[in-house]
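**Student:** Listed here are the chains, written in short residue letters.
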Amino acid sequence: MTQTIDISSYSAITDAIRNEARRILSDSTVSAVIGYTAGRRKGSTQPIVITTADDADQLIFSAACLNDLVVYLTKAKKDVPKGGRIGIVVKGCDLKALVGLLGESQLKRENLYLIGIPCSGVLGSLLKPAAELTTETIASKCCECTDQLPVGCDFVPTVTPTPLPDLEKRYANEIARLEAMNPSERWEFWKEQFSKCIKCYACRQVCPFCFCEQCLCDRNRPQMVEQTPRPLGNTAWHLMRAMHLAGRCAGCGECERVCPMDIPLNLLNRKMAKELKELFNSEAGFEVREAGPLTSYREDDDQSFIR
Amino acid sequence: MHSEKPKHDFEPKIIAFVCTWCTYAGADLAGTSRMQYPSNVRVLKFPCTGRIDPVFILKAFQQGADGILVSGCHPGDCHYIAGNYHARRRFAVFRKLLEFIGVDLNRIQFSWVSAAEGGKWVEVVTDLTERVRAMGPMVEFKDLVLEEQWSGNLNNPELQAVYEAM
Ligand code: SF4
Ligand code: SF4
Ligand code: SF4
Ligand code: FES
Numbered sequence: 001m002t003q004t005i006d007i008s009s010y011s012a013i014t015d016a017i018r019n020e021a022r023r024i025l026s027d028s029t030v031s032a033v034i035g036y037t038a039g040r041r042k043g044s045t046q047p048i049v050i051t052t053a054d055d056a057d058q059l060i061f062s063a064a065c066l067n068d069l070v071v072y073l074t075k076a077k078k079d080v081p082k083g084g085r086i087g088i089v090v091k092g093c094d095l096k097a098l099v100g101l102l103g104e105s106q107l108k109r110e111n112l113y114l115i116g117i118p119c120s121g122v123l124g125s126l127l128k129p130a131a132e133l134t135t136e137t138i139a140s141k142c143c144e145c146t147d148q149l150p151v152g153c154d155f156v157p158t159v160t161p162t163p164l165p166d167l168e169k170r171y172a173n174e175i176a177r178l179e180a181m182n183p184s185e186r187w188e189f190w191k192e193q194f195s196k197c198i199k200c201y202a203c204r205q206v207c208p209f210c211f212c213e214q215c216l217c218d219r220n221r222p223q224m225v226e227q228t229p230r231p232l233g234n235t236a237w238h239l240m241r242a243m244h245l246a247g248r249c250a251g252c253g254e255c256e257r258v259c260p261m262d263i264p265l266n267l268l269n270r271k272m273a274k275e276l277k278e279l280f281n282s283e284a285g286f287e288v289r290e291a292g293p294l295t296s297y298r299e300d301d302d303q304s305f306i307r
Numbered sequence: 001m002h003s004e005k006p007k008h009d010f011e012p013k014i015i016a017f018v019c020t021w022c023t024y025a026g027a028d029l030a031g032t033s034r035m036q037y038p039s040n041v042r043v044l045k046f047p048c049t050g051r052i053d054p055v056f057i058l059k060a061f062q063q064g065a066d067g068i069l070v071s072g073c074h075p076g077d078c079h080y081i082a083g084n085y086h087a088r089r090r091f092a093v094f095r096k097l098l099e100f101i102g103v104d105l106n107r108i109q110f111s112w113v114s115a116a117e118g119g120k121w122v123e124v125v126t127d128l129t130e131r132v133r134a135m136g137p138m139v140e141f142k143d144l145v146l147e148e149q150w151s152g153n154l155n156n157p158e159l160q161a162v163y164e165a166m
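Residue numbers (this note's numbering), protein chains in the order written: chain A, 1 to 307; chain B, 1 to 166.
Only chain A is shown next, with the shape it has when bound in the complex (with noise of 0.2 Å):
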């Protein structure tokens, strides 16, 4: 039975976000916000940075805020300006990308000014941006999330999120499907899948964890991943993917949601991380790790494989 989410709390939290915003600009604690302004189609939401107190009145928190922001805060990206502590928005899962940031050394908490939100739920796509969130349209990430109240930022709106009905474990259920599959299934599933990706690289693009101002797949000497569109090109890509974010991804979803040809990229992240959780007990969180499950090891890890 579809039911409606409760997000009254999020006119609340924008207030908050633009008071706080006001705030930290005209005391020049921070030199510029990120955050999400409204968009032109009614409901719709976009990324923006401000700079100045003026402006604070543009940002907004809505259940179509679906973006996540630490994107900006890599060294691939060039839209932020350089120098000076930067504000910014987060959501508990676009934390964890950040925190998983932090440990990879590519950002320092004290150039950071952490607006948190006490999150009630985001839409799963920005097809309709004005839908009403209920237990269909919400994001299949939220449907998992146990991290609605982030920790450690420098601000959270004192707001308490709507705690989320019982909703159906989209990821997990389809990981368990697919487990339950035999192998020749699920390489025709996978075949069918990865067929589909047309290598515009919007999943590369959006991931906060694919900062590398070289990707492998880009090298042609050696060519370790065919750069065509092909059905072999594809699968390597997709593997490399999987293998490189494999124990650092944050489970944030964007990159499924920006895939144009719907390709289920997070099931191939999600069942990383589960892999990852059972084998060495390494999952994404709050906290900074020293070093990834797949950058550290223990001398009596599992070798029950080996030989």
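If you're looking for bench data, these hints aren't it; they were derived computationally from the structure.
Derived coverage of chain B by chain A (criterion: at least 3 residues anywhere in the stretch with Cβ under 8 Å from a Cβ of chain A; other residues may be distant):
hint, stretch
1, 57-71
2, 79-90
3, 107-113
Just so you know, even glycine gets a beta-carbon here, dropped at the ideal spot from N, CA and C.
For this one, chain A is given, so just place chain B with the ligands on it according to the hints.
**Tutor:** Coordinates of chain B with the ligands only, in the frame set by chain A:
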């Protein structure tokens, strides 16, 4: 004298990614001791298992490998101290990924073979070769290669019309 080599219908291609300090030396020992092992295995030498990137395995499959072996120094013996510990984690995870997309893990073997274990090298390589032989060719990636060249349907109406017009 060499014993008569049995004839098989299918000779699998096995690619072995080995570290130079232990397994390569172990394979070398097997050779200099004149131990017999299947010639199906092609050995690729790396400085350390820590240098063996999962994309190498993908590349090998794309180029027609039917089975893969990754082998290096025993834990604690890595020439670079911890390369094999890192590799162990990386491959523990990569196996799971391959399994999830539908690759039969029986085609991939990981092992520790030291410079003194010529006999173990022979065992590992022989077992893997026979196992993969019984499984038959790895067709999944080869199909992708074919589709990479040509993904059109050979008997579609447009092509049919062209043929008929000729
Ligand atoms: S891989 Fe996707 S879900 Fe994971 S951090 Fe990158 S964009 Fe977010
Ligand atoms: S796919 Fe890998 S190499 Fe490419 S940008 Fe992402 S992390 Fe870097
Ligand atoms: S966004 Fe989708 S279509 Fe584009 S490269 Fe990524 S997986 Fe392929
Ligand atoms: S040198 Fe052999 S595994 Fe590192």
